[in-house]
Structures are given as structure tokens and as C-alpha cells.
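Sequences listed follow chains H and W, in order.
Quick note: the first sequence uses our numbering, first residue 904, plus one each step.
Quick note: the second sequence uses our numbering, first residue 8, plus one each step.
Since the hints were derived computationally from the structure, they do not count as laboratory data.
C-beta atoms are modelled at their ideal positions from N, C-alpha and C, and glycine is treated no differently.
Wrong hints could be hidden among the right ones.
Stated by the list, open to error - Stretches of chain W that chain H covers, calculated by requiring three or more beta carbons in the stretch to come under 8 Å of a beta carbon on chain H: (1) 90-99; (2) 136-148; (3) 247-254.
Claimed, not checked - Anything over 12 Å on all C-beta distances counts as not near chain W; from chain H, calculated: (4) K957; (5) R964; (6) A967; (7) K990; (8) P1076; (9) N1209; (10) A1226.
Claimed, not checked - Some chain W residues near chain H, calculated using beta-carbon distances under 7 Å: (11) G34; (12) A35; (13) P77; (14) A151; (15) Q199; (16) L205; (17) E214.
One-letter residues, chain by chain:
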Amino acid sequence: MSFSPEQPRHSSIAPHNGHMPSCGQKIGRRELLAGAAGSLALAGCSLHNPNAPKPLVSITRATAYTQDLYDTVRRIFAEHRLEVRGKRVLVKPNLVEFDAGVPINTHPLVVNAVYDALLALGAKVRIAEGPGHRRNTLELAEAAGFFDIVPRFEDAFTDLNLDDVAKMRLRHPESRLASLFMPRTALQADLIVSVPKMKTHHWVGATLGMKNFFGLVPGGVYGWPKNVLHWAGITECIVDLHRMFPNTFTLVDGITGMQGNGPIQGQAKEAGVIVAGADAVAVDATCCRIMGIDPERVVYLTLAANARQTEDARVQVIGERIAAVRSDFDLPPSFGWLRLRR
Amino acid sequence: MELAHSSDISGILASQNRDGGWGYHEGASWTEPTVYALLAQLAAGSREDHIARGLAWIARSQRSDGGWAPLPFVVDESTWVTILAALLLAQQPGVAGLSKAVPWILSQSGRESTLANRIRVFLLGLHPDMDRRFIGWPWFPGTAAWTAPTALAILALRKIDRLQPNADVRGRIDDGRAYLIDRMCQDGGWNQGSPRNLGYEATSYAETTGLVLLALHDMPAQGLEKSLACAERHLAHCRSAEGASWLRLGLLAHGRMAPGTELPRRTVMERSLFVLAAAASEGRNVFLS
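Working from the sequences, and respecting the hints, build out all of it.
Written as C-alpha cells, this is what we have:
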């Protein structure tokens, strides 16, 4: 099940000529103009206007997966003045594999706290994910505890791997891809709330809000894993997907993260934080600093930064100070050069 | 046939789209669920009008290059689902389309095993975890080979070789078998195709372990004892109807006992695979017959 069928909402995406689905999903002049405006806005940002407001990132201490998280997440959304009444919001957790006792996935309590808070704010919310390895998403979600914690999870959930799709052309792609088929549920959302796990990653250094968007790409078209993204350039595809969905909010589950050989075979790391904000690059860069990773050496962050958000001084942090919560994660083998100097 | 088989067939028939195909859930017809729904009906001896409409959809959606797209008329590229369509058409030799599909299937191989990529890996001084000489099939053209499409390709090509013996086809079957054996996990089962990564061992999945055992049905059992034991362990703890059905198909293909399960079956894929496993338990395995 997806949101009601309407036109894609994300302004930076454009239809591929002649390949739009036949059930009335067309892009009108308004959307094309909006896309052009989005491009202009992006171009404007890339000039690094020194007077542009700094993106806001909140760091909140949260040391355990308890009922307190429901209030914590509502407070975070209030701090960021999230306006979602009447909007279609897709909550995108990081659901990858299940291994008892290994913190691979976003904790279901965090996902439910986000879901609950968005419903309370008047949004129409769906939780959606397209795992990269496992065919049976619901079995994976059940094993990971989502059925126990999210009320009527199956009714609230969309398997993005098997959702109907539309072809989207990539504007100025960083990767070798010219277009991607993407799930309608994601394209129809007014806002995507990315709820990743704070983890190291053995191919790109760190996996946070931006890398989490690999789960939007449909396995039903590209397979399990979505290997087309790997051959087209993982780093570059992260950036392309980030640009495809400009209307996002990121809330990172850094209560217990993963260090070492992430994103699946690493070890638990108690970081005790939730990091959130509307600028995914700024949120990910802030997470990196908390993890002891230099964001200016994480290639996908430097590629995506259109307002120098990888620089400490270019982000407005509220709540805890980075130095107060910094807790260096063990880095994946061969990524020692990412370590952030103290 | 066993358990709730008739209700599974009813559920499959009720969810057929007006265009003749089936979707994963509600919505457009996709090639994969359509093939499995048709195989299940063929195994169960279902109503011919539904089968005919489904086969017509399959015929209509074949692309000019001989392949099929996962979501025909929207996705404009032939992919691994061509293997599934060929598996179905090999079950129905009178239906056209198979002769164009076979060259497409034989033209596909994992990009990691191409000479150009192997030279690249050598020049870069990389040390991949897996042997890249073994040639399997990718999910999507131009990408690496993976376990599931390779196992399905072996099943389809075996049927095709029985219809029209062909040395090229047999050669690719042998390559595919070598690929699958190389990709076995330490526990004896199979996952998506990465049994080890950066030196770390990975564990197997229920669904791929069952599927690969089915594809390796004619290998001597003594060479697969560890794998069969792994499949039995998976089946004892499996929480997915789809996974359990693949495990049953794999175990039954090796003459092992594989009791039916009562896991909930809500989708066309789950119902179809359950029917296919039930038919196999009664000696009608459409993947092998």
C-alpha cells in the first residue's frame, strides 16, 4: 500500500521522456518549473553565501531505549519546528539484516517514537523500507522487533522493494546512472524522515542519514542486493539519491551504534545520542564528528555539501556540544585515515 | 494435495489482474509473481482460462530483445526475470517466446567475472574474497552475479537443454554450479552471494539455501550433507512462508523429508511457492519435471 496516487512531490526529480507510467502520473509545467527553481536554488547554495543561515542540528542525550524516547522525539521535532499537518510523510528506518544482539537496524522504539510524534503532529505517515539483502521484508521486520513495538505495523508499512515504480531522470548525476526507477510511495511523499542507525561502513566510512536512502531503491527492479548502485559508484549514488529527495528530515539513532566492520558485522558502540535536523549533510557531518570521523574526508559528504556543511563552523548545533558527547568509533579496516584529530 | 492448498489456489485466482498478470500486492502486474502464480496453477491443475490469460500476458510483455522487464510497460530493461519467464515457457513448450529468451539468458553473466574486470582487479592489487573465475547470473544487466538468479538460471537451462540439447547451455549450467559451490557459506547454506566480506564470514539465509539446493538437485548428496543439515536447521526455525517453501523444495529435491508448515500465507508469492512445495511433496516438482 502506498500514499494515494498523485504526482511525484519532490521538485528536483524529472520524468524520463516517454517512460512515465500509464496511470495518470504525469509531470506538469508547474512541477517542471519547480524543478528548475530547485536547481537554481541548489546552484545558489553552491556559491557558499556567507550570509546564508546555518543549518540547525540538534544533539540530544539518550542513553537507553526506554519509553522516555516518545517525549524526547516530540521535543526534537518541536525544536526544529517541524510542520507536517496534512502532509504525507514517509518514515525510512534502516532495516538491513537481523542478528540477535547486534545493533544492525534502527531500534524499533525509535522508529515508533518518530511515527507516533508525526501522527500527533497531524501527518499522514507510512513507514517504508526496502532491505538490500533479504527478500522477505516483513520476516526481517518481525525478527527485528517491529511487530512487537509498532502498533499494527503491517498496516503502516510499505515494502519499497515491491512497490510500483516510476522512472526518474537524474539531473547532473555524480554517478554513472542517468536514471533510476523509484518507488511511488517515496516519490509521492511530501517529506521523507530518514531514521538511520549510527554506524561505520566498510565501503564509505560511515552510514547515516544519506546512505540510508539506498533502501529507497527498489529490489524488485534492481535485485537483492541493489548492485547497480555499487557499479555506478557507491559514493556518487549516495549523493544522487540525496539530491533526488530534497525534502527530508534526518533523525539518527545513535543511542547504541555500530563500530568496526559495519554496517552488519561490527560491534555495538554506546554513543548515547540522537542527532537530528533538516539538512542531511549537516546532520551526517555532525554525527561523524561525534564518532571521531573527519567529515571533510568522507567523500560523499564533501560531494554533497552545497553550503560547506562539513565544516564545524558552518553548522548551528543546539543541545549538547559535540565535544561533550564525542565517543570515537572503531573505524573499519583500511579507514584509519578518516580519524578526526582532537 | 495437502493442507490449505485449495484456498491458496483460490487466493491466487482471485488476485489475478484484469490484464492477466499478477502483482506482488495490489497494483500493477509484475513478471515474477505472474510466473510463480502460473507455475503453481500448472502444478495444481488449475482452471485453464486463468492460465491462458496469464500466459497471454507473459507473451505480450516479452521485449524485442527476447527478455522480460520486472514491471513490463514501465521498466524498460530486460532483467533476471527473463530466467523465470523461460522456466515457465519451458514448462509449456507450445507457447512461443522461449527461443528468443535463451540467447538473452546466455548473453548475461556477472560483471565481476569478465576478463576486463579481472585485469582491473589485478592491476589495482585488490584481493577479492571470492574467486571471480566462476560465472553466474546477475539480477540486473551489467552488474555482478548473485546466488538466486544463478540458481534459477540453472533450473531454467536444465529444462531448456532437455527440450533442445545444446552444448553452450550445458556449459553455462556447469559454470553456474561451480559458482554456487564457491559461494557456499561456512555453515553450509547460502546467502545472497557474499559468504565472506573483508575476511569476515557471513551466515546463510533460509530462502537462498532452499533455492540453491533445488538447483543442485542432481549433485551427489554426500557432497551436500552440510548444506542439507543447514537447510533442516533453517526449516525448523523459519518464520517466513516463502523461505519455508524454498527449503522444502530444496530438501525434497534431495529426497529428504520436509514437513509442511502453517506459516501465514498472504501474498501471491507465498501462496504460489506453498502450492509448488506441496506439489513437489507429492512427486510433481515443476522445477525439475
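Hints, verified against the model:
no.	hint	verdict
1	90-99	violated (count 0)
2	136-148	holds (count 3)
3	247-254	holds (count 3)
4	K957	37 Å, holds
5	R964	32 Å, holds
6	A967	28 Å, holds
7	K990	23 Å, holds
8	P1076	16 Å, holds
9	N1209	30 Å, holds
10	A1226	32 Å, holds
11	G34	5 Å, holds
12	A35	5 Å, holds
13	P77	5 Å, holds
14	A151	5 Å, holds
15	Q199	5 Å, holds
16	L205	6 Å, holds
17	E214	6 Å, holds
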